[in-house]
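Chemist: This is what each chain is made of:
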Amino acid sequence: MNISTKSPITWCPGCFNFQILAGFKKFIENEIAKGRKKTDFAIVSGIGCHAKIFDYVSLNGINSLHGRVLPTCLGIKVGNPNLEVYGFSGDGDAYSEGISHLIHAARYNSNMTYFVHNNQVFALTIGQPTAVTEKDFTDKTTPQGVKQAPLNPIKLMLAAGCGFVARVFADTKHIEWILKEAKKHQGFKFIEVIQPCIVFHLDKGYKEKTYMLNSKNHDKTNFEKAMKKAEEFNYNKVNKIPLGIFYQEKKPVFEDQYKMLKDFKKVKKSWKDIKR
Amino acid sequence: MKLNILFGGKAGQGPNFLTNLLGKVLIEKGFYVFYSRDYQSLIRGGHNFNVLTFSNKPVYSNESKMDFLVALDENTLKSHQKELKKHAIILKGKEKNSYFAGRLFKALGLSLKELENGLKKYTRFKENFKLAKEGYEKTKCQIKELKSKKKKLIFQNGNQGISESAIKSGLDVYYAYPMTPATSVLTELAEKQEKGKFLVLELENEMAIINASIGSAITGAKTMLGTSGGGFDLMAEGLSLTGMAEVPLVIYLSQRPGPGTGVATYTSQGDLNIARHSGHGEFNRVVLAPGDPRESEELTNQCFYFSQKYKIPAIVLGDKHLAESFYSSEQKPKMVPILKSTKFARYNSYEQNSEGSSIEEPELIIKNAKKRLEIQKQISKESKKFSQYSVYGKKNSKNMIISWGSTKGAIIDAIEDLNCGFLQIKYIDPFPDIEKLLKNKKIILVENNVTGLLGNLIREKTGIKIDNKNKILRYDARPFLCDELNMEIKRRLK
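Taken in order, these protein sequences are the chains called A and B. Under the working numbering, residues 898 to 1173 are what the first sequence spells out, in order. Under the working numbering, residues 13 to 506 are what the second sequence spells out, in order.
Derived from the structure by calculation, the hints contain no laboratory data. Misleading hints may appear alongside valid ones.
Beta-carbon label-pair distances, calculated as ranges [as the list claims (entries may be wrong)]:
(1) A:E1121 with B:G242: 39 to 47 Å
(2) A:G911 with B:G242: 41 to 49 Å
(3) B:P271 with A:T936: 43 to 51 Å
(4) A:A919 with B:G242: 39 to 47 Å
Listed next, the stretches of chain A that the computed footprint assigns to chain B, with coverage defined by at least 3 CB atoms under 8 Å from CB atoms of chain B [unchecked claim]:
(5) 954-965
(6) 1038-1049
Taking beta-carbon pairs under 8 Å as the criterion, some of the chain B residues facing chain A (in silico) [what the hints assert, rightly or not]:
(7) S228
(8) G232
(9) E249
If you're wondering where the values come from, they're calculated on a predicted model, not measured in any experiment. Just so you know, even glycine gets a beta-carbon here, dropped at the ideal spot from N, CA and C.
Just chain A, same shape as in the assembly (with noise of 0.2 Å):
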């Protein structure tokens, strides 16, 4: 089943986007050629460049409002915790504008999915600092240089209790391969996905420098060594850029803690299905 819409991609060409997109698309495909319905899944998006993802995937859910993915995909859960969402978020929305929300559904745990397509700028609004663009950017609106340093979400996300926080480059199979470890793990999956803006934030020779973890480098179950990890890249200096699972642990879902939503997990059903 083709889950594309009739929709023209308005990405520039050859963004990394795309990338993401066949990645997403391309999991999910497969989830339903072996069995799953295309109306098992929702997606939420904000607003900014990835949020066009929306209009690409013909998912049921809600292109909403730039900061606000996260409670919206919580109240979605909460709305029919038989739903597998899939949140999307950019740079800007999840650690600007949205930032509390991101910190509290880490808290919070429902067993959603979450990307953050950080390319480390404002793109859609043509180019201004977001929260993790390095010291001394400039552009029209910074003409003298950004002059703080950027925020680590890797670390914020390890310090707010987040069971699973994981880092991808935008490229199709690191996409493909992140979305299969999520689908095993229940809880919030944090992943942040390096999407360098090929128009306003260069790949600075990001890929070159990444590596990916694993079992021989790295024990995604120890917190101190996944905060050692998570210090590697600081989006300021770029030396060397883990990827992959940070950390992983297992934690109680939100959706388990009150009765109602466990119930309509047991019997398949939601609110709609109720009659008073």
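Fit chain B to the supplied structure of chain A, relying on the hints for placement.
Modeler: Coordinates of chain B only, in the frame set by chain A:
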């Protein structure tokens, strides 16, 4: 017969317990009871008081002069000395609450049995009743026996009416971030969620509240949220999204004085315009303003009706005075059944095509806008099936008071002996056709705000300009008292 009793003390001393206990017992005896709460934004100490007014005729407001003063501390006596009638009875002391209850019941000529039955509704009955009995026996009766015909009265406050209605309307999920004076809907529903099989959730902030509400609503869950002005402001963008994406959502906006933090625990009707206009862009909404707990039930129910049927946000516009004051009512609310018809599909905050994907073509933008306009017309037409306004008092008089929301009670009590009618607007949006009712009338506007917001709305909708001299506006964050209001109206009558 009509008596006013003021209960005052420090926060935590429990004037609420005494007021509620007496109120319930009087209701059971067949008296009409109204009580309001005046409390400060603090946890312990300070000065809180309630005024309970009761009568064997219907009563919906307090008066300015007290027949009885129950002073749990010295400050109460000092602060309210000037409000006492000449032969007012004063009960003061530092005893425990339940002891005081005994004294009060005896002073009012109520029986020990009535005290016992009243206390049974509360926790720690044995301990309380023992103390209460002591107090009862050490006090002298101060007034003639209170008599009234027994009748079935519903005794509740506005927030209880709203909560009750949400449940009866088939609520699935209620979201809120605590904010006075909406909070007691949150606690009321939280308490009843297990039995009622619905869910109550508190999230990190008001942006989360409205966006999670949207998420739940689009899956088909009947969803409601509650807040006050400041929280509602934070939700404005989400509200606008519901207008674009056509999301059915009921919003309880409980007003308190602004701007800013204003006066957090007091009352005002200053948010009429944010209820009407908050959120960027032009979109459909319903705004309904109840004037008492029974109307709170009916109009919350109608908000569910309109929001589910037309996939729009519907706002119940209340205020602190209505939310937390207790009213007695003989009539049961009239409720309409509400269908659940929302299906999980593709929703969009952008203008969208039939696939639910974003578009920018002018033809489609016009088509969508026209569709929204058409829905507005349907809502407007259907709203006429409901009671959009009520007229009280002498309907054919040349004088017409006009108001909305919680001022209703004081106005009804104030105009009893006056030559005037009272038009209460319940539907703020869509606004009813009231021109005929106001033709050749002297209009007197009564509102709990600084600038007469309903007056401005009437001018916008009908062209009728209300003379500034005929605007009775109270903006000290306190509700109207019926005797004072009676004087104010009298001065303006033809």
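Chemist: Does each hint fit the structure? Answer for all of them.
Modeler: Hint-by-hint comparison with the structure:
Checked against the hint of 39 to 47 Å, the pair A:E1121 and B:G242 passes, with Cβ atoms roughly 42 Å apart. The hinted range of 41 to 49 Å is satisfied by A:G911 and B:G242, whose Cβ atoms lie roughly 46 Å apart. Restraint check, B:P271 to A:T936: a C-beta distance of roughly 46 Å satisfies the suggested window 43 to 51 Å. Between A:A919 and B:G242 the beta carbon distance is about 45 Å. The supplied range of 39 to 47 Å therefore holds.
With 10 residues bearing a CB less than 8 Å from a CB of chain B, the stretch 954-965 of chain A meets the requirement of three and the coverage assertion stands. Restraint check on the stretch 1038-1049 of chain A versus chain B: 0 residues with Cβ-Cβ distances below 8 Å, three needed, restraint violated. With a least beta-carbon distance of about 4 Å to chain A, the hint placing B:S228 at the interface is held under the 8 Å criterion. Restraint check, B:G232 versus chain A: the minimum CB separation of about 3 Å is within 8 Å; hint holds.
Residue-level restraint check for B:E249 holds (minimum Cβ-Cβ distance to chain A is 6 Å; threshold 8 Å).
Hint 6 from the list above is the single one not met by this structure.
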